Structures are given as C-alpha cells and as structure tokens.
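Enquirer: Spelled out from the first residue to the last, the chains are:
There are 2 protein chains.
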Amino acid sequence: MGETHGVTEPSGRGEGTVNTYVVRRIGVVRSPLRDLDYAPRQADEDAPEAELVFDQEVATALEGIEAGAVIEVLTWLHLSSRDTLQTRPRGDVTRSLTGVFATRSPDRPNPIGLHTVTVLEAGPGTLRVGGLEAIDGTPVVDVKIALGTPDGR
Amino acid sequence: MGETHGVTEPSGRGEGTVNTYVVRRIGVVRSPLRDLDYAPRQADEDAPEAELVFDQEVATALEGIEAGAVIEVLTWLHLSSRDTLQTRPRGDVTRSLTGVFATRSPDRPNPIGLHTVTVLEAGPGTLRVGGLEAIDGTPVVDVKIALGTPDGR
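Residue numbers (the numbering used here), protein chains in the order written: chain A, 69 to 221; chain B, 69 to 221.
Please keep in mind that the hints were generated in silico from the structure rather than gathered at the bench. Careful, some of the hints might be misleading.
No distinction is drawn between identical chains; accordingly, a pair holds when it is met within one copy or between any pair of copies.
Quick list of in silico lysine to aspartate or glutamate cross-link-like pairs, EDC-like style, CA-CA up to 16 Å [unchecked claim]:
(1) 212 <-> 140
(2) 212 <-> 175
(3) 212 <-> 134
(4) 212 <-> 117
(5) 212 <-> 114
All values derive from a computational prediction rather than experimental measurement.
Whole structure, please, built from the sequences with the hints as guidance.
Expert: Listed below in structure tokens is the structure:
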C-alpha cells in the first residue's frame, strides 16, 4: 500500500495541486445478484446475503469484527456513470430532476457505494453479511464499524 | 469527469486487471479545526460547524439538498497512514490491537472518511453543516442523502 498515492495535476486548484487520489480494491462482493437490472435499490428492499472476500494483504485488518457486528461497507460501483450530476430519484420519470448528491444514485462523480449491513459470520479473510444490494463482482474499498453510542467506542 | 478512471495493473488478480480507481476531489472542508491533535474523534464529541465548499463543476449535483437534511459526507483523510492494518482503538494503550476495519480509525488502506451530518444552510455550491470532525482543508469526495425509511425515498 504506498504512501499518499496523490497524483499531481498541472491544473491544480484550491488547496494545492493534488486533486485526485488512488483507491485500491481490498476485496470483492460475492452475491447471487448478477444483474444490475434485478438488483434491489436499497439493502432493506429484499437484498440477499452476500460474502465479502478480502485480499490476503488486508486480512489482519478484519480482526475484531464478529458475527452480529453492524458495519459500513464501502464499495466501488464500477458500472456507474461518473458524468451524471442530476437524476430522477429511483428512475421515476414523474419525479423532477434532482442533484445526485441529494440521492443515493450509483451514478455520481465518485461512485462509492455505502452499505450498512450486519455481519452473519466472520471467517479468515471473509465476512458473510445480510442484505447487500451490490451485485457479484463489485469491488470493496473499505469497511468500518458502524458508530454506536459514545459509551461503546 | 472522464469515464471509468480505472487503472490497469499488470499484476491483476481476481475480477480482472483493474484493481485501482481514481477518486477526484469535488470540494473541501472549511472548518475552525486546524490541527489533527485537537480534532474530536467523532462528530458527536463537540465537533464544530463547518462549511463544505464544492467545485463549480459539481455544484448542480447539490440541487435538492435543503437545510434540515441529514447527509453522509465522504472525505479523503489526506493525513492518514495507508499502511496501518491494526491499531489500538482511540489510541488507548490499554486496549488490545484491533483490525482497522473493526474501528473508525482514519488510518486504513483507503482513508475515506464517513461523516453523518445535518445541513444547517444550503447556498450555491456550499453547504453549512453541524458537527463535523474533519480538519480544515480535508478534501470532500462524495455526498449522499442519509437513508430514511423506505416510504421517504
């Protein structure tokens, strides 16, 4: 995993010249969902169980995650359009155009998916989770424990 | 915003050869927090109000976000270590080493920050938000409306 991975652009604006960052795939979603057309839009809309399979290099970073934990899984929505700035929520043509930041649309400048799921089983380098709407093959880029109350931290 | 921004690596594993993705800065955090040493660890631990200032190219993607909205702000934690796989939660030396994915540590392979905040004011290309623990100058990479109940989507 190198250091900052910043890429210097000649047209740097604002804070300096580094405006892009390299995200590495750390694992992959294994799911019975194979087709975007049939994937539910959100996890609580009949999304199936899925397995997160992590690259060996990061497996030790999973230590401490146990069955029952609620985690935030960040994915790279690799089939998304990055040029879409406005959309009709849920593809409903009767709804007016809305900025993508006001939605959960996968189409957005940086297509990072955010999924709050419960861990069903934690194995070596793998996590079985409930209700994940990402399709099979979606790259995983981060996992965080969900924030509970301040006392539990 | 180009197309997929995928970078092909000769040492491709698993799903194909694309294992890295380029994230672009879409805006920046403006905050009275200037120093990581004094930043609170979580937003509900006395984090101050902050302003998110977006690049002009993505300003239309904010349309539909209004004061009172709860949003998820994704940042790039540019001062983090990407080589850290285990840590002691909250820097407490009495706690045992834990995988970073079981924590909210900013040090992790892909240092993406996740902040749930309430919008206090929405201006053209800017959002004033309550309780953000990111320091001044932190790059913003995505914004999503927080998920409410299925009925409100």
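Enquirer: Each hint needs a verdict: does it hold in this structure or not?
Expert: Here's how the hints hold up against the structure:
1. 212 <-> 140: Close inside one copy (5 Å) and across copies (14 Å); limit 16 Å.
2. 212 <-> 175: between (23 Å within a copy, 11 Å between copies)
3. 212 <-> 134: within (13 Å within a copy, 28 Å between copies)
4. 212 <-> 117: neither (19 Å within a copy, 24 Å between copies)
5. 212 <-> 114: neither (23 Å within a copy, 21 Å between copies)
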